[in-house]
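**Q** Guided by the hints, dock chain B onto chain A, whose structure is given.
There are 2 protein chains.
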Amino acid sequence: MAPVYITNKERTKFAMSKKICSRAEDYSQWYNDLVLRGKLAEHSSVRGCMVIRPYGYALWENMKTELDKKFKETGHVNAYFPLFIPKSFLSKEAAHVEGFAKECAVVTHYRLMNDPNGGGIVVDPDAKLEEELIVRPTSETIIWNTYKGWIKSYRDLPLLINQWANVVRWEMRTRLFLRTAEFLWQEGHTAHSTSQEAIQEAERMLDVYADFVENFLAIPVLKGVKTPNERFAGAVETYCIEALMQDGKALQAGTSHFLGQNFAKAFEVQFTNKENTLEFVWATSWGVSTRLIGALLMAHSDDEGLVLPPKVAPLQVVIVPIFKNDEELNAVFDRVSGLMAALKAKGISVKFDDDDQTRPGFKFAQYELEGVPVRVAIGPRDMANGTAEIARRDTKEKQLMQLDELDTLIPELLDAIQANMFQKALQFREENTRKADTYEEFKRILDDEAGFVLAHYDGTSETEDKIKEETKATIRCIPLNNPLEEGVCIVTGKPSKQRAVFARAY
Amino acid sequence: MAPVYITNKERTKFAMSKKICSRAEDYSQWYNDLVLRGKLAEHSSVRGCMVIRPYGYALWENMKTELDKKFKETGHVNAYFPLFIPKSFLSKEAAHVEGFAKECAVVTHYRLMNDPNGGGIVVDPDAKLEEELIVRPTSETIIWNTYKGWIKSYRDLPLLINQWANVVRWEMRTRLFLRTAEFLWQEGHTAHSTSQEAIQEAERMLDVYADFVENFLAIPVLKGVKTPNERFAGAVETYCIEALMQDGKALQAGTSHFLGQNFAKAFEVQFTNKENTLEFVWATSWGVSTRLIGALLMAHSDDEGLVLPPKVAPLQVVIVPIFKNDEELNAVFDRVSGLMAALKAKGISVKFDDDDQTRPGFKFAQYELEGVPVRVAIGPRDMANGTAEIARRDTKEKQLMQLDELDTLIPELLDAIQANMFQKALQFREENTRKADTYEEFKRILDDEAGFVLAHYDGTSETEDKIKEETKATIRCIPLNNPLEEGVCIVTGKPSKQRAVFARAY
Chain A
3 MAPVYITNKE RTKFAMSKKI CSRAEDYSQW YNDLVLRGKL AEHSSVRGCM VIRPYGYALW
63 ENMKTELDKK FKETGHVNAY FPLFIPKSFL SKEAAHVEGF AKECAVVTHY RLMNDPNGGG
123 IVVDPDAKLE EELIVRPTSE TIIWNTYKGW IKSYRDLPLL INQWANVVRW EMRTRLFLRT
183 AEFLWQEGHT AHSTSQEAIQ EAERMLDVYA DFVENFLAIP VLKGVKTPNE RFAGAVETYC
243 IEALMQDGKA LQAGTSHFLG QNFAKAFEVQ FTNKENTLEF VWATSWGVST RLIGALLMAH
303 SDDEGLVLPP KVAPLQVVIV PIFKNDEELN AVFDRVSGLM AALKAKGISV KFDDDDQTRP
363 GFKFAQYELE GVPVRVAIGP RDMANGTAEI ARRDTKEKQL MQLDELDTLI PELLDAIQAN
423 MFQKALQFRE ENTRKADTYE EFKRILDDEA GFVLAHYDGT SETEDKIKEE TKATIRCIPL
483 NNPLEEGVCI VTGKPSKQRA VFARAY
Chain B
3 MAPVYITNKE RTKFAMSKKI CSRAEDYSQW YNDLVLRGKL AEHSSVRGCM VIRPYGYALW
63 ENMKTELDKK FKETGHVNAY FPLFIPKSFL SKEAAHVEGF AKECAVVTHY RLMNDPNGGG
123 IVVDPDAKLE EELIVRPTSE TIIWNTYKGW IKSYRDLPLL INQWANVVRW EMRTRLFLRT
183 AEFLWQEGHT AHSTSQEAIQ EAERMLDVYA DFVENFLAIP VLKGVKTPNE RFAGAVETYC
243 IEALMQDGKA LQAGTSHFLG QNFAKAFEVQ FTNKENTLEF VWATSWGVST RLIGALLMAH
303 SDDEGLVLPP KVAPLQVVIV PIFKNDEELN AVFDRVSGLM AALKAKGISV KFDDDDQTRP
363 GFKFAQYELE GVPVRVAIGP RDMANGTAEI ARRDTKEKQL MQLDELDTLI PELLDAIQAN
423 MFQKALQFRE ENTRKADTYE EFKRILDDEA GFVLAHYDGT SETEDKIKEE TKATIRCIPL
483 NNPLEEGVCI VTGKPSKQRA VFARAY
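Residue numbers (our numbering), protein chains in the order written: chain A, 3 to 508; chain B, 3 to 508.
Just chain A, same shape as in the assembly (with noise of 0.2 Å):
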């Protein structure tokens, strides 16, 4: 039995109702458009959590699978920490509590009641907790704690261990997948005896989210490190890959952070090194979200709807039968049969849609708002020349191609496509990446053009602070081996020696 992420009768609602609003009309709007009329997620009853539908989830999985494959390749274990942290675990690292503390979700009470009154359920009075536990929105705190127990000498470093887990932060504003109260993601913890050994895993992992945005979701990234305003709470480095996105905004694709000893030392994780000698703990930690789905969509999509790079699509060809009658489905049906089996043997994920209620026309845009990458149509004419209409979701080109050799054909296609959609991203980035000297252009590139901007800044604070503040941009990132450049603030004036990523962001 085949997975089926969409109803017929869902589709048939698709084809029916009007097209999803364009890019250029209202870009968030079609961004929305996409998320729901794509049925990947809606808003729930509870405020800024989504529900994630079959289709939306299957992309996750997908990106699941193969992060998780690449963390196991290198070296990583899974476990599990729990749900709640104590109030007071929060508070251990100095840094870390202001940056996480305020917005949480926080338990106070284990028990409901009958309302005495007849008002219904209602907390216990007499089940208030001693200690409020709050929702993690990211778990240092707890791991850490734990660390301490299993950490005593060098032989039981490195601990390379993940994490796949929910996490709330109580969001004022939420988008769906892009910011939301409640997301999943991916949380690596690791413990390490030197520095230079949780640099290097820190470096690692930033390496291994880089591979997988480009090559599996085919988002071309940046690599950098954060200035110290845009670091994660607690970490003594934070290292990032950045997207841009097809309105020109930039989005933060994943993290890797270099935790130095600070929370060994928030949680007393010391170890016995070679030489006999207590020693405080270096660690890491790295984590990508549901977020990264976000990504996906605003980094492809056009305004008939998604556009999947193959190897994240749930599903990657459909074959659509063009038929009068039961005789001429099923002669499609018998014909394409042994294609499908050679696709699947293959890897690859194929449907025939014989639903009858439905006309090819609406089929085919419904396929493209799904972002099927292959679509392959079969008709009496087909039939009698052996030949089938092969649709490519990316560019939209249509060619016919022979029947028979569609099983090498399509399998190309695919790997063509997932090519294709990362030099388009790519052409793109470069399009818009743009050199600013004077704080002026800055600000006119900003306003005009969007997408990246490389200038100079004296390195303060300050002046990342003030600009944020005129301009709502943020330095995305240093770039890792930035090329270096004399040159002047564009605010201050004052010598820089390298230019920054500068960007709006989501």
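Read the hints as simulated data drawn from the structure, not as lab findings. Everything numeric in this text was worked out from a predicted model, so none of it was measured. Incorrect hints may appear among the rest.
Any copy, or any two copies together, can satisfy a pair, since identical chains are not distinguished.
Stated by the list, open to error - Listed next, the in silico PhoX-like pairs over lysine-lysine satisfying Cα-Cα at most 25 Å (straight line): (1) Lys348 <-> Lys74; (2) Lys154 <-> Lys20; (3) Lys154 <-> Lys267; (4) Lys445 <-> Lys468; (5) Lys104 <-> Lys276; (6) Lys346 <-> Lys71; (7) Lys326 <-> Lys276; (8) Lys71 <-> Lys348; (9) Lys20 <-> Lys150; (10) Lys346 <-> Lys72; (11) Lys499 <-> Lys225; (12) Lys445 <-> Lys313; (13) Lys104 <-> Lys130; (14) Lys400 <-> Lys20; (15) Lys72 <-> Lys348; (16) Lys66 <-> Lys346; (17) Lys154 <-> Lys11; (18) Lys346 <-> Lys400; (19) Lys74 <-> Lys11; (20) Lys313 <-> Lys74.
**A** Coordinates of chain B only, in the frame set by chain A:
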């Protein structure tokens, strides 16, 4: 890089410490030793919540992968619903609220602040939620509230959705894996246009669970239905699989519920049928949890430690070289590298233990504790003779085998171990299933021999309650296809047409 579930250092620690408690000495302590010394899980700083350590999580991952495959083969897709449930939702289904509203984690606030009196961080009294949120104890209510928006027509049905998630039930007495405040599980929630189809679904998923527990975890189960007393809160019928542990206590290993139209009515979910009239939707839900790890441990393990069925074991084969120097070590490694590649190609996980800090005897003991199904030891004499000593964990039998034949013998041995473990557990269950025809006999069996007791009762909740109160035994199930047999209730003497399965249970 191979995954490191347990470090060499930890292994050394096990090896150096005394054996685990025996079952005869203290069954409960034996179980705790298995979990803690086997590095499967531990208690966290948050009351009732456990940390699932990498080795324990690897068991869960293997179960999850297998179950997820079975769910997809039967047409289900995954989705994700919010962690939080508005308090009022729980009250909408009358029986459901009785079952679940009592012991739960209640979120009342969404912000912390610095204490104006300098007492650290405190709950911000201004950030009180208008309606409290419950951390989901199960998701029927939030899901059926969502389905209301998805289901309009018979063409939207069936809806076959599963969720992998964490849930919280504020248990007062907790035991690792068996009963914890937070646990991991899957919950299927399906919607159907007819009662018959929903019942078929509930029964199909019971079969999926039974097949999984018997053939993957090697634990025989009884399939049956619960009495009204033991039914899921909100269900019309609760199907279950019941397993027997080595101490003669029963453990409910999975449940599948036919929910009738209860939740559809509570959340007003109606569909237009083919005759164009409105009907309430029919529902099922079904779940298994990390509790299965507890069942796995208690069904098979022995006084030396875990005994894992090969299909679920994170590590299936360990090769322990016996060596005095690097030259001997390398010679063994070279000799077995082809074997290791051959086993890996067959999907068998294998590890070569080259740790030179621990003596072979200690290694043997620690892999026994960890339950690795097959251990291969190769020393200098074996190298000369082309042999290896193969030890199977389940029977502890050792035999010499030809090194060159191991690539075919080991897969056969793993299959034999899997089959033997099931047979052994089945035999245990058969030996520990007894009929009682009087209440005295019933009580004597429970006290002296435990196990399943088949007895007549008059079918009333009163009698069931009385038996439970007086003997701590509950009706585990009325088996499916239960043989009919005239008899009289062991308590009231009233007539009965079939025996129920009683036991004391986890």
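**Q** Run every hint past the structure and note whether it holds.
**A** For each hint, the structure was consulted:
1. For the identical chains of this complex, Lys348 and Lys74 are neighbours both inside a copy (24 Å) and across copies (19 Å), given an alpha-carbon limit of 25 Å.
2. In this assembly of identical chains, Lys154 and Lys20 lie within 25 Å of each other by CA distance solely across copies; the values are 20 Å between and 63 Å within a copy.
3. For a Cα distance limit of 25 Å, the shortest separation of Lys154 from Lys267 inside one copy, 14 Å, qualifies, whereas the shortest one across copies, 57 Å, does not.
4. In this assembly of identical chains, the alpha carbons of Lys445 and Lys468 lie at most 25 Å apart only when taken from the same copy (13 Å versus 80 Å across copies).
5. Proximity of Lys104 and Lys276 under a CA criterion of 25 Å is satisfied in neither setting, with 41 Å inside one chain copy and 53 Å between copies.
6. Both within a single protomer and between protomers do Lys346 and Lys71 lie at most 25 Å apart by alpha-carbon distance, with minima of 21 Å and 16 Å respectively.
7. In this assembly of identical chains, Lys326 and Lys276 lie within 25 Å of each other by CA distance solely across copies; the values are 24 Å between and 78 Å within a copy.
8. Taking the shortest Cα distances, Lys71 and Lys348 sit within 25 Å of each other both inside one copy (19 Å) and across copies (18 Å).
9. With identical chains, the CA atoms of Lys20 and Lys150 are at most 25 Å apart between copies only, with a shortest distance of 23 Å across copies and 58 Å within one.
10. Taking identical chains as interchangeable, the C-alpha atoms of Lys346 and Lys72 lie at most 25 Å apart whether they share a chain (23 Å) or sit on different chains (18 Å).
11. In this assembly of identical chains, Lys499 and Lys225 lie within 25 Å of each other by CA distance solely inside one copy; the values are 19 Å within and 73 Å between copies.
12. When the C-alpha separation of Lys445 and Lys313 is checked against a cutoff of 25 Å, the pair qualifies neither within a copy, at 38 Å, nor between copies, at 61 Å.
13. With identical chains, the CA atoms of Lys104 and Lys130 are at most 25 Å apart both within one copy (21 Å) and between copies (13 Å).
14. In this assembly of identical chains, Lys400 and Lys20 lie within 25 Å of each other by CA distance solely inside one copy; the values are 24 Å within and 72 Å between copies.
15. Both within a single protomer and between protomers do Lys72 and Lys348 lie at most 25 Å apart by alpha-carbon distance, with minima of 21 Å and 21 Å respectively.
16. In this assembly of identical chains, Lys66 and Lys346 lie within 25 Å of each other by CA distance both inside one copy and across copies; the values are 21 Å within and 23 Å between.
17. For the identical chains of this complex, Lys154 and Lys11 are inter-copy neighbours only, at 9 Å across copies versus 59 Å inside a copy, given an alpha-carbon limit of 25 Å.
18. When the C-alpha separation of Lys346 and Lys400 is checked against a cutoff of 25 Å, the pair qualifies only within one copy, where the shortest distance is 23 Å, while the shortest distance between copies is 43 Å.
19. Taking CA atoms no more than 25 Å apart as the test, Lys74 paired with Lys11 passes between copies only; the shortest distance there is 21 Å, against 40 Å inside one copy.
20. Taking identical chains as interchangeable, the C-alpha atoms of Lys313 and Lys74 lie at most 25 Å apart whether they share a chain (19 Å) or sit on different chains (20 Å).
In the structure shown, a violation is registered for the earlier hints numbered 5, 12, in ascending order.
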